[in-house]
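Student: Okay, here's what each chain looks like letter by letter:
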Amino acid sequence: MYKGYLVDQTLLDTDPHFAMGCEGCHKGNLEGATREEAHQGLVKRPSDNLQTCATCHQKITSTYEKALHYTSAGQRHGVMKRFSETELKQFDEKIFEQSCRSCHASCGSCHVKAAAVGGISIGLIKGHKFIKKDEGKTCAFCHGGRVYPEYTGEYGGKPDVHYQKGMLCMDCHQKSDMHGDGNTYLSKQDVKDRPVCTNCHNKLGQEARLTTRTAHTQHRDKVTCYGCHASAEYRNCYNCHKESESKPGFILGLNPRDGKTLTTLRVIPTVRDTFAAAGVTMSHFDALPNYWNTPAHNIRKRTDRTRSCDACHTDKAGFLTKEALIENGSKANERLIYPINPIPITE
Amino acid sequence: MKTKITVFLVLILFLASLSSSTVAVDKSNCMTCHTSDSAIKALYKPPVIDTHAGEG
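Chains as they are written, first to last, in this note's numbering: chain A, 1 to 347; chain B, 1 to 56.
FRET-style restraints, in silico, Cβ to Cβ: (1) B:PRO46 x A:VAL43: 19 to 27 Å; (2) B:ALA42 x A:LYS247: 39 to 47 Å; (3) A:ILE340 x B:LYS41: 57 to 65 Å; (4) A:ASP48 x B:SER38: 25 to 33 Å; (5) A:GLN189 x B:LYS41: 43 to 51 Å.
In silico lysine-lysine, DSS-like type, Cα no more than 30 Å apart, as pairs: (6) B:LYS41 x A:LYS132; (7) A:LYS44 x B:LYS45; (8) A:LYS59 x A:LYS133; (9) A:LYS126 x B:LYS45; (10) A:LYS260 x A:LYS203; (11) A:LYS27 x B:LYS45; (12) A:LYS247 x A:LYS137; (13) A:LYS158 x A:LYS301; (14) B:LYS45 x A:LYS129; (15) A:LYS89 x A:LYS188; (16) B:LYS41 x A:LYS44; (17) B:LYS41 x A:LYS126; (18) A:LYS3 x B:LYS41; (19) A:LYS27 x A:LYS132.
Under 10 Å between C-beta atoms, here's a sample of chain A residues computed to sit facing chain B: (20) TYR5; (21) VAL7; (22) GLN9; (23) LEU12; (24) HIS26; (25) GLU31; (26) GLY32; (27) ALA33; (28) ALA116; (29) ILE120; (30) HIS128.
If you're looking for bench data, these hints aren't it; they were derived computationally from the structure.
All C-beta atoms in this analysis are idealised placements derived from N, C-alpha and C, irrespective of residue type, glycine included.
So that you can see chain B by itself, here it is in the shape it has in the complex (with noise of 0.2 Å):
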């Protein structure tokens, strides 16, 4: 009886382990253009260079 129980609560974790909602999913606004590469492409704006900073 004791095994049959260990074997279950092991397939319940394997099972748990697979899902893929583990986490929250983010489905705001940020997302609908941050992961759109035409969203985004159209919205970029090319940033000003500082020409001078320097570099290490």
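Bound conformation, chain A alone (with noise of 0.2 Å):
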């Protein structure tokens, strides 16, 4: 741990970076003698503050300072419609401004040192060397509780094909998507450029195989490219703040977003109590389901679902049932079981 602390020497003579020396970014005391003295008044995160990485970087910061990464509101948005008024200035004062926006990444948490998940940070990623990416040390760390293991096989299951293929989180999630396009968003459904699977795979329905040209035709616009290339089972927590209980599973359900597409959906840990210690309650605890979509991260070509229809339209394997769902859950999660029927014959 202590060498995520290490600064690469080599760096002071080449990083125009290093050109206002360490106390140009971090302060503290260049004259104290000892730790203490000479950490006092340092700035641990410079780049929280974007006017430091704004001198010279100026059209990034400008964007950024309303990107989802920065402004944590995805992580408001996806839960107020749970609190009354009351509870929402409760909600945002308490927990938001204290808890979610605490997650936020600074410029630095992606080109110089990794975040701090759970108190635990790899440090330095390359020696204090300002990085333009590396998705291992940095999405990883932020990520790697579900998408990123999920992505690698790290979690079980086989790998992602795309990971296979040499790609990384980049190669799909672009630069814009990270540093903000300027506009200001609530959630990350509403990014303009965010990557969806057709910008690469745009000739479904022309494939030569009728199996799978049927398959794409019939289920376009009715099932996600998820819900069929899901590979396995990925992570689902089902009691945050509580007991530790997060556990593989493979859900089908209704995109609770547009009420009718089938996709893989994700046990999201808001229970009725979860901010019950911080003495906020959810008066509208049903207004939103405890499942969400979720753009699993295990994608394969070949999976149970696209080697036969029967297993969702006669086996139904992996369909969120009203007895599958958690106990004392929102009752908006009903909602979200599909009907699945098998395929009718016709002569």
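Dock the two chains into a complex; use the hints.
Tutor: Set out below in structure tokens:
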């Protein structure tokens, strides 16, 4: 762990970022003789204040201050419908600003030093070098509970086929997804240029193979790509801020955002008393479900569902049922159950 | 003559680009410890792990 605080001395002579000395960004006390004295007034994350980087990177910081990685607005927007007006004010004050916002990424979180998650950080990514990207040490750290290990196969099952082909996060998620495009979004769902499979796979329904062509034509706009091509179980969290209870699961149901598309769902850990410890209740808890559409990052060309129509239409494997709903969950959960039917046989 | 001046200027610029002293060098106290493996190892304090923090 201590190595994460070691600075590569050669950078001092070659990287213009060091032209102002350490204190240019980190402040502190240059005259201090001990660790404690030297660290008096230290700014641990200088780029929390975007103006630090704006001196040179004005264009990027101007869009980044509105980007979701910086504002964390998605976390607030995702839960706010559960609160009354008074409760929302309490949530903003006691939870969003204190907890959610503490997770926002500064410029340095991706380009210099990996963010601390659960109190653990790997420290400097490459001896304080200002790197362009290193997904395995940056994206993976914050998104390492679910998405990244699904993608690499470390969570079980096979790795995502795109990972096996050598693709990493930034091959689909563009730079503008990170730095923002200048627009203020409340949720990642609203981002205009977010990645979609059809950016590359743009000839669906024109395949030579009849079964593939038929499947893509029949399910287009009715089932998401993940619905068929997510290859294995992914992590679902059941009791956040209580007993840790995350376990694998594969859940197919209606996308709560449109109420009609069949897709992979993930249990999102907001239970009735999630914020009780902070004295915040959720009067409208049932306004939102506990399951949300999820872009499972374990895509394969062939899965149980692409091999056989029966996997869904007869066996109903993975489909959300009333019996499988989480206990004491939201009443909105039942609306996500998809009544899958056998394929009608025509003469 | 004009060609000679151009070649001379290009040579000067090339030599300047080879210089490693193009940025200010920080020789402050910070670097005394933060570039020394043994010093930073001795000073390092493991973080207190927040078991309530989530992961995404």
